[in-house]
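J.: Spelled out from the first residue to the last, the chains are:
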Amino acid sequence: EAQVTQNPRYLITVTGKKLTVTCSQNMNHEYMSWYRQDPGLGLRQIYYSMNVEVTDKGDVPEGYKVSRKEKRNFPLILESPSPNQTSLYFCASSLSVGQGGQPQHFGDGTRLSIL
Amino acid sequence: DAKTTQPNSMESNEEEPVHLPCNHSTISGTDYIHWYRQLPSQGPEYVIHGLTSNVNNRMASLAIAEDRKSSTLILHRATLRDAAVYYCIPRKETSGSRLTFGEGTQLTVNP
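For the record, the sequence lines run as chains P and S. Residue numbering for the first sequence is 1 to 115, as defined by the working numbering. Residue numbering for the second sequence is 1 to 111, as defined by the working numbering.
These are calculated hints, taken from the structure and not from any lab test. Worth double-checking, as some hints may not be accurate.
[Stated by the list, open to error] Label-pair distances were calculated between CB atoms; the ranges are:
| no. | chain 1 | residue 1 | chain 2 | residue 2 | range |
| --- | --- | --- | --- | --- | --- |
| 1 | S | E66 | P | G42 | 28 to 34 Å |
| 2 | P | L88 | S | P7 | 20 to 26 Å |
| 3 | P | T86 | S | P7 | 28 to 34 Å |
| 4 | S | I74 | P | N84 | 25 to 31 Å |
| 5 | P | V54 | S | T30 | 23 to 29 Å |
| 6 | S | P17 | P | V14 | 27 to 33 Å |
| 7 | S | P17 | P | L115 | 43 to 49 Å |
| 8 | P | Q3 | S | N23 | 22 to 28 Å |
[Claimed, not checked] Partial list, computed: chain P residues near chain S (C-beta under 10 Å):
| no. | residue |
| --- | --- |
| 9 | E1 |
| 10 | V4 |
| 11 | N26 |
| 12 | G42 |
| 13 | R44 |
| 14 | G63 |
| 15 | Y64 |
| 16 | Q102 |
| 17 | Q104 |
Beta carbons: idealized from backbone N, C-alpha and C, even for Gly.
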């Protein structure tokens, strides 16, 4: 089954403790991205990757890192999490970039609480 | 990005058709019109997209106005599972694939 898989689905942690949220897709998609969703602010893009070893900042990249060493994986790294990064996070992928007609496939989300 | 206007909420009865409107009067000639929905506790889900002519797929139909300043997502027979927030998203042909989500329309389906 074609899917985008995020882990963990839920995480409660403390300020400053490094964490990684994994994202994996099995559709051989070139493009992957991370969004965060906050009440009243909607979904905002954090980082995106157009292909292996190619990443770029989205609208709200501060406090986050990403890497794309393999096509299928796009982990989101919080080196020193802070309470303002408490949010619902979504990973998404699509076949390629630069074509406005490509649908994006989303994971089920990761709810992070930073105390 | 083109701005969109959608009603905050709509209600429908099960097995009846639902027409979800979206105004995107500032859309440019090469922007696609995408629709996504988000069910409770899930990630956004692609529904349908189009450029100029009306489109149909297994989930829904998309009717695009001739001047492209508005579009309507049509669910032919609403089910309880269709209760979700529906987002209309204009998207440039070379957008880099970023999706800009607005507030969307919360659809309630009554049994």
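J.: Next, verify each hint and record whether it holds.
T.: Each hint tested on the structure:
1. S/E66 - P/G42: 28 to 34 Å: Cβ of S/E66 to Cβ of P/G42: about 30 Å, so the range 28 to 34 Å holds.
2. P/L88 - S/P7: 20 to 26 Å: holds, 24 Å
3. P/T86 - S/P7: 28 to 34 Å: holds, 30 Å
4. S/I74 - P/N84: 25 to 31 Å: At 40 Å between Cβs, range violated.
5. P/V54 - S/T30: 23 to 29 Å: Because 24 Å falls inside the window, the suggested range holds.
6. S/P17 - P/V14: 27 to 33 Å: violated, 50 Å
7. S/P17 - P/L115: 43 to 49 Å: holds, 47 Å
8. P/Q3 - S/N23: 22 to 28 Å: violated, 34 Å
9. E1: violated, 14 Å
10. V4: Hint on P/V4: holds, closest Cβ of chain S at ~8 Å, below 10 Å.
11. N26: violated, 16 Å
12. G42: holds, 5 Å
13. R44: With Cβ-Cβ at 8 Å, under 10 Å, it holds.
14. G63: With Cβ-Cβ at 19 Å, over 10 Å, it is violated.
15. Y64: Interface hint status for P/Y64: violated (16 Å vs cutoff 10 Å).
16. Q102: Result: holds, 7 Å to nearest chain S Cβ.
17. Q104: holds, 6 Å
In summary, the structure is inconsistent with hints 4, 6, 8, 9, 11, 14, 15 from the numbered list given earlier, while agreeing with the others.
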